[in-house]
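Undergrad: Produce the complete structure using the sequences and hints provided.
What follows is the residue order along each chain.
Number of protein chains: 2
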Amino acid sequence: MTEYETARAGKISEALRRVASDEGIDAERLRGLVSEGRVVLTGMARKHSRIIGIGEGLKTKVNANIGTSPDHADPEVELEKMRVAVSAGADAIMDLSTGGDVPAIRKRILDECAVPVGTVPIYEAIVGVTRQGREIADCNVDEFFGAVERQAREGVDFMTIHCGLVKRLADTVAGTRTAGVVSRGGCFLLQWIAKNHRENPYYEYYDRLLDIAHEYDVALSLGDGLRPGAIADSTDGAQIGELMVIGSLVERARRRGVAVFVEGPGHVPINEIPANMLLQKKLCAGAPFYVLGPLVTDVAPGYDHITAAIGGAVAAWHGADFLCYVTPAEHLGLPTVQDVHDGVMGARIAAHAGDIGKGLAGAADWDRKVSAARAGLDWEKALDASIDPPKAKKMFDRSPRGGEELCTMCGEFCAIRGSRRSRE
Amino acid sequence: MTEYETARAGKISEALRRVASDEGIDAERLRGLVSEGRVVLTGMARKHSRIIGIGEGLKTKVNANIGTSPDHADPEVELEKMRVAVSAGADAIMDLSTGGDVPAIRKRILDECAVPVGTVPIYEAIVGVTRQGREIADCNVDEFFGAVERQAREGVDFMTIHCGLVKRLADTVAGTRTAGVVSRGGCFLLQWIAKNHRENPYYEYYDRLLDIAHEYDVALSLGDGLRPGAIADSTDGAQIGELMVIGSLVERARRRGVAVFVEGPGHVPINEIPANMLLQKKLCAGAPFYVLGPLVTDVAPGYDHITAAIGGAVAAWHGADFLCYVTPAEHLGLPTVQDVHDGVMGARIAAHAGDIGKGLAGAADWDRKVSAARAGLDWEKALDASIDPPKAKKMFDRSPRGGEELCTMCGEFCAIRGSRRSRE
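As you go down the protein sequences, you meet chains Y and H in turn.
Counting from 213, one number per residue, gives the positions in the first sequence under this note's numbering.
Counting from 213, one number per residue, gives the positions in the second sequence under this note's numbering.
Worth flagging that the hints you see were computed from the coordinates, not collected in a lab.
This one's a predicted model, so the numbers in the text were calculated from it and none came from an experiment.
Worth double-checking, as some hints may not be accurate.
To be verified - Once the Cα atoms are required to be at most 25 Å apart in a straight line, the calculated DMTMM-like pairs of lysine to aspartate or glutamate come out as:
#1 606/Y with 423/H
#2 379/H with 286/Y
#3 605/H with 636/Y
#4 606/H with 292/H
#5 606/Y with 448/H
As the list claims (entries may be wrong) - Derived coverage of chain Y by chain H (criterion: at least 3 residues anywhere in the stretch with Cβ under 8 Å from a Cβ of chain H; other residues may be distant):
#6 556 to 564
#7 627 to 634
Even for Gly, the Cβ is constructed at its ideal location relative to N, Cα and C.
TA: What follows is the structure, given as structure tokens:
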């Protein structure tokens, strides 16, 4: 039985109990949410991984993408990114490798990673095909599913599959958009469908996918191959059409006892984010929502950890459950280790701001702790409790101070101190 | 006649015409907004300054705070910050100097700065008093107003005056909050009021303030001395009580022909930002709203340009007109030149995201331009049109690329290219 089926059978598993304890919620309440498909558990595949819950009533989680590209295929660098991301507080890692020895890199990540690991199996399938000098369109159905099964067997915890990008939508999206299709997996399928005049195999043979996911208890992340890649393309017919297909696939996965969550945009103007969250929750029967950003503007390459933090915070406030980080290098190149760190921090800030906004019980306790220490001019306690103590301490200590207890911003005119003195 | 009176008299001044042209809106429409106090013009005091409009129907503006502190009083560094802030796109600069030769630093800023300059005159008054070895409470009424008049005469464009922090509120705020009073000017007044058992002089003699503002056509920025400095203190009785007092002062300023805008928080949970914007606009009869942040969490010192970008974007979307930047050094120390650059970028991203969100005509054209170039794989055009071309280009060029037209993120698997090919 999958964790989802166990919860539906009314049983509280050890995995579920651990997640309930981590989240500080009642195990029976969590079981109910899992059984309704509103929360997905992942991380059970490898003994050394933390198990996390993603969905309604839980803390908003953060994923960090790592992985080689054809131009940058140093596995050591990607492993270092994984370590930095996890130590910066990422709740999950996705390995998106497409360069070098892809299976070997994945094995090292799976062997070491202490948080759930996700993948996009179509990448391995297409990389394999193109390395044989074949076209993307030559990838056959067994190759598409072979990558899924192989990775499931190896212990991947969740997988993005773009099974909602059906032929009808692929045929009409061309020419209707400013930025076309920006999802890598979506674009592979788009080319495959166009050339072969056939239905998306992950959609056509969706039951085969469900069988694999069921056998290995892998959570499926139903990918949005048609996510908007420009503000001008947001919330369009292609995006919402795909979301509706995904909604029907959520129902089928639940009937088969497979846990699913749903991926979302992308580039979305800030004012359209609430409607996007509502639509996903309604059309996908409360499935957890995993968003990439959203990026609230297209104009800021170099700062997309900030545009994504804005969108991610608004999204989490309005119901998103899982934020995929965006690094400052997005749209420009493969991130550095530092970019990965900064991306995780931006996404964690967004997730926490969203948790306060959605009224998650206890979320603001962290803020109260930091602010109470600050109000008491207990710098050490305040900075130790902050999201990135080494960075905060380094900046605090950067410049010589007149008085030991005061920061250099106001020095002797410190309002916190004045306000305290006035109170005393 | 002040610009406000000119607009009320039905006349379109040269300053107003320039602003209308910059904003791409009809001059008569802008005149109407200025005459209703919904837009404030500032920057008329110095010939070499750009004149900007702040308020309804216009692009959201960004202010950068610079200035020495007692521990850091190098005027050259502050002038460099000013230059960097302006070249990064700040629409206004506030000189908050409290260290070194405060009037000399201000003079250099006013002589050079090509955008409107704001100040907080109480700083100069209190610095003067404490340098004479006197207590804050010894500052007399003529000293409070002397600083205002002197700075107005010198050509300061707008001034923050904490005239809404009345004795009744000062007497009750103590002890009710997690972080007390975090406004430096507010805290000076709090101490002055508590020690002297007298009303806030800027409130008691508000007409004297209006006379000065009217004579020099200085815009008043009605400061929120009781702005919340912690998530736990947001939208409390002290904050809203002060906002209501400020609302009454807005009406009095308008009767006197003086242009005013209103300052707002501070630390505010993301879900309380819309109500805060609504309250300000309602209680202050549509006056432009100038917010510091808001910061959506207290836990991220070192990243407060991001927490402020989240809050600023939501605030602008819901009606804020003017964003005061927050740098990564906020709560930790005086910002470096790089921090100032990063702070301006964060605030500009928030302002632009908010402008798209509030439906400002033409706001999303910038995004369309960047995305169309990106979709055409015209990297030079896309990066040149972005918010910080040197930074974006540096990151794009950071690593060797396999194909010249592709970034290293996906390399040969570029979705943008695949999507184009599929279309062709």
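Undergrad: To test your reading of the hints: which numbers does this structure violate?
TA: 1, 2, 3, 5
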